[in-house]
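Chains as they are written, first to last, in this note's numbering: chain A, 751 to 857; chain B, 2 to 122.
Hints are computed from structural coordinates only; laboratory data are not their basis.
Wrong hints could be hidden among the right ones.
SDA-like mimics (lysine to any residue), calculated; alpha carbons at most 25 Å apart, straight line [stated by the list, open to error]:
id, chain 1, residue 1, chain 2, residue 2
1, A, Lys792, B, Ser102
2, A, Lys789, B, Lys68
3, B, Lys86, B, Ser22
4, A, Lys853, A, Leu761
5, B, Lys4, A, Thr806
6, B, Lys44, A, Ser810
7, B, Lys44, A, Ala850
8, B, Lys44, A, Ser760
9, B, Lys68, A, Glu767
10, A, Lys824, A, Glu767
11, A, Lys824, B, Gly45
12, B, Lys44, A, Leu761
13, B, Lys20, A, Ser793
14, A, Lys853, B, Lys86
15, A, Lys824, A, Ala834
16, B, Lys68, A, Gln753
17, A, Lys824, A, His805
18, A, Lys789, B, Gly43
19, B, Lys66, A, Ser776
20, A, Lys857, A, Ser822
21, A, Lys792, B, Asp67
22, A, Lys853, B, Gly43
23, B, Lys68, A, Asp751
24, A, Lys857, A, Val833
25, A, Lys792, B, Gln114
26, A, Lys792, B, Thr79
27, A, Lys824, B, Lys4
Note that the structure is a prediction, hence the values are computed from the model and not measured.
Now for the letters of each chain:
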Amino acid sequence: DIQMTQSPASLSASLGETVTIECRASEDIYNGLAWYQQKPGKSPQLLIYNANSLHTGVPSRFSGSGSGTQYSLKINSLQSEDVASYFCQQYYDYPYTFGAGTKLELK
Amino acid sequence: EVKLVESGGGLVQPGRSLKLSCAASGFSFNDYWMGWVRQAPGKGLEWIGEINQDSSTINYTPSLKDKFTISRDNAQNTLYLQMSKLGSEDTAIYYCAREDSSYIYSWFAYWGQGTLVTVSS
């Protein structure tokens, strides 16, 4: 199975700050990567697919980048509604696997 | 509006079976791959598996392949997850999700609200 190592596990940032979350795959996943946001008590919601494509309706302050085994999610100008957990997922190979998540809180 | 509504969760004794349903609306159900993901309390996400449009292809995570069965009824716009030999490790929120795709890749574009399964005596 492809292992997805996500960092940091938790993050505290201020409103308006830029935040970056990293995800490293155990092998090349050829941009087969998505990012999801999960607010407390809610289901995950797609933010980014194919490593850098923004899902419909997602604010443009979210962006994804990377290639090979290294990927990142950037949130520009952090808003209070961005407090959530964030998960990466590879869908390059079966079984699809998720990162352990990053919990983002406000400082 | 894409809507996915899971049902069928609840308290079940160890060793028993349970079948979850996911009612889909707001899109042409028989045009999409569908999948299941679970999340143990306070934990991360685990991919269970997926099924293609006509049920001819079903993929599972290997550790659950002998316990769980994914199926669908396109006439009823409903996805199912049959779970057997349940143990405490299966206690989780179970989400169904619609896959969107391009070329060889597919990802979970829309998720249901989830249904909680608790395995306990």
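Status of each hint after checking the structure:
1. Taken as a hint, the A/Lys792 and B/Ser102 pair is honoured in the structure, with Cα atoms around 24 Å apart against an allowance of 25 Å.
2. Of the supplied pair hints, the one linking A/Lys789 and B/Lys68 is violated, its CA atoms being roughly 30 Å apart against a limit of 25 Å.
3. Taken as a hint, the B/Lys86 and B/Ser22 pair is honoured in the structure, with Cα atoms around 18 Å apart against an allowance of 25 Å.
4. A threshold of 25 Å between alpha carbons decides the hint, and for A/Lys853 with A/Leu761 the separation of about 6 Å falls inside it, so the pair holds.
5. Only pairs whose Cα atoms come within 25 Å are accepted, and B/Lys4 paired with A/Thr806 is accepted, the gap being roughly 15 Å.
6. Distance restraint check for B/Lys44 and A/Ser810: the Cα-Cα separation of roughly 28 Å exceeds the 25 Å cut-off, and the hinted pair is therefore not satisfied.
7. For the suggested pair B/Lys44 and A/Ala850, the alpha carbons sit about 8 Å apart, so the restraint of at most 25 Å is met.
8. Proximity of B/Lys44 to A/Ser760 is assessed by CA-CA distance (about 14 Å); at most 25 Å being required, the pair is judged to hold.
9. The straight-line distance between the Cα atoms of B/Lys68 and A/Glu767 is roughly 45 Å, outside the 25 Å bound, and the hint therefore fails.
10. In summary, the hint linking A/Lys824 to A/Glu767 is supported, as the alpha carbons are separated by about 11 Å, within the 25 Å threshold.
11. With a C-alpha separation of about 20 Å, the suggested pairing of A/Lys824 with B/Gly45 holds against the 25 Å cut-off.
12. Using a Cα cut-off of 25 Å, the hinted pair B/Lys44 and A/Leu761 holds, with the two alpha carbons roughly 17 Å apart.
13. Distance restraint check for B/Lys20 and A/Ser793: the Cα-Cα separation of roughly 20 Å lies within the 25 Å cut-off, and the hinted pair is therefore satisfied.
14. Pair hint A/Lys853 plus B/Lys86 does not hold up; C-alpha atoms about 33 Å apart against a cutoff of 25 Å.
15. This hinted pair checks out: A/Lys824 and A/Ala834 have alpha carbons roughly 14 Å apart, not beyond 25 Å.
16. Proposed proximity of B/Lys68 and A/Gln753 is supported: the alpha carbons are some 23 Å apart, at most 25 Å.
17. Between the alpha carbons of A/Lys824 and A/His805 the distance comes to roughly 14 Å, so the proposed pair stays at or under 25 Å and holds.
18. Among the hinted pairs, A/Lys789 with B/Gly43 is consistent with the structure: their alpha-carbon atoms are about 12 Å apart, no more than 25 Å.
19. As the CA atoms of B/Lys66 and A/Ser776 are separated by approximately 23 Å, the hinted pair is consistent with the 25 Å bound.
20. The straight-line distance between the Cα atoms of A/Lys857 and A/Ser822 is roughly 21 Å, inside the 25 Å bound, and the hint therefore holds.
21. At roughly 29 Å between alpha-carbon atoms, A/Lys792 and B/Asp67 are farther apart than 25 Å, so this suggested pair is violated.
22. Our distance criterion of 25 Å between C-alpha atoms is met by A/Lys853 and B/Gly43, whose separation comes to about 11 Å.
23. Between the alpha carbons of B/Lys68 and A/Asp751 the distance comes to roughly 19 Å, so the proposed pair stays at or under 25 Å and holds.
24. Of the supplied pair hints, the one linking A/Lys857 and A/Val833 holds, its CA atoms being roughly 11 Å apart against a limit of 25 Å.
25. With a C-alpha separation of about 7 Å, the suggested pair A/Lys792 and B/Gln114 falls inside the 25 Å cut-off, and the hint holds.
26. For the suggested pair A/Lys792 and B/Thr79, the alpha carbons sit about 22 Å apart, so the restraint of at most 25 Å is met.
27. Between A/Lys824 and B/Lys4, the direct Cα distance comes to roughly 28 Å. Violation of the 25 Å bound is thereby established for this hinted pair.
Checked against the numbered hints listed earlier, the structure breaks hints 2, 6, 9, 14, 21 and 27; every other hint is satisfied.
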